[in-house]
Amino acid sequence: MKIKLAIAAFLVFGSIVLSYAYVRGYALFTSQFVQTCENAIKERLVVPSSYQRIGVDDSRRTITWDEFFAEPERSVPESTRKAMIQAARGRPIQYVAFIDYRAQGAIGAIIGERASCTFNSLDGSDAPTRTYWVKIGGEHNLEWAARQPNAATLHRRLLKNL
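Every position in the sequence shown, counted from 1, becomes a number in this note's numbering once 47 is added.
Calculated directly from the structure, the hints in this document are not laboratory data.
These numbers come from a predicted model, not from an experiment.
All C-beta atoms, glycine included, are put in the ideal place defined by N, C-alpha and C.
Take these hints with a grain of salt, some might be off.
To be verified - PhoX-like mimics (lysine-lysine), calculated; alpha carbons at most 20 Å apart, straight line:
hint	residue 1	residue 2
1	Lys182	Lys89
2	Lys129	Lys207
3	Lys207	Lys182
To be verified - The following label-pair restraints were derived from C-beta to C-beta distances:
hint	residue 1	residue 2	range
4	Ile158	Lys207	18 to 28 Å
5	Leu206	Thr165	39 to 49 Å
6	Ser96	Asp170	28 to 38 Å
7	Glu190	Pro124	17 to 27 Å
8	Gln195	Gln141	45 to 55 Å
9	Arg136	Lys207	40 to 50 Å
10	Ile132	Arg194	42 to 52 Å
Construct the entire structure; sequences and hints are all you get.
Laid out in structure tokens, this is it:
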């Protein structure tokens, strides 16, 4: 009888721990896309080590080929477009993640933010592993860095992470 009670308690406790980990979005349950987005967010922070995820809501949806090729980095000749479309196994996929986090700001205070992260994938199987490919708030980190007062320093730091 005690063994059955111990097993039941262990299963309940394990379920609670796994549920908590899932809700908090720990790495065991985090997709490659969300991990790359978090790295891109950290590259923008004054104190990257202060980053703490509060929550994440990620999704994916099928997009049109026009939406896929609308991004400037995807502008290719028409012949290349046709070849890419023929080689694709399906329609392009757009990954989207909304990440709520806390981090230390420029004046040392802890701030709460929400970042929107997107990536357009050719077929849904090529989730980005490099921060260069994801957009935070509609722009790549190199574009964001160019607008900052310390653009040269940020640009060098970002290029090291490519």
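Just pull the numbers of the violated hints for me, sorted ascending. 2, 5, 8, 9 and 10
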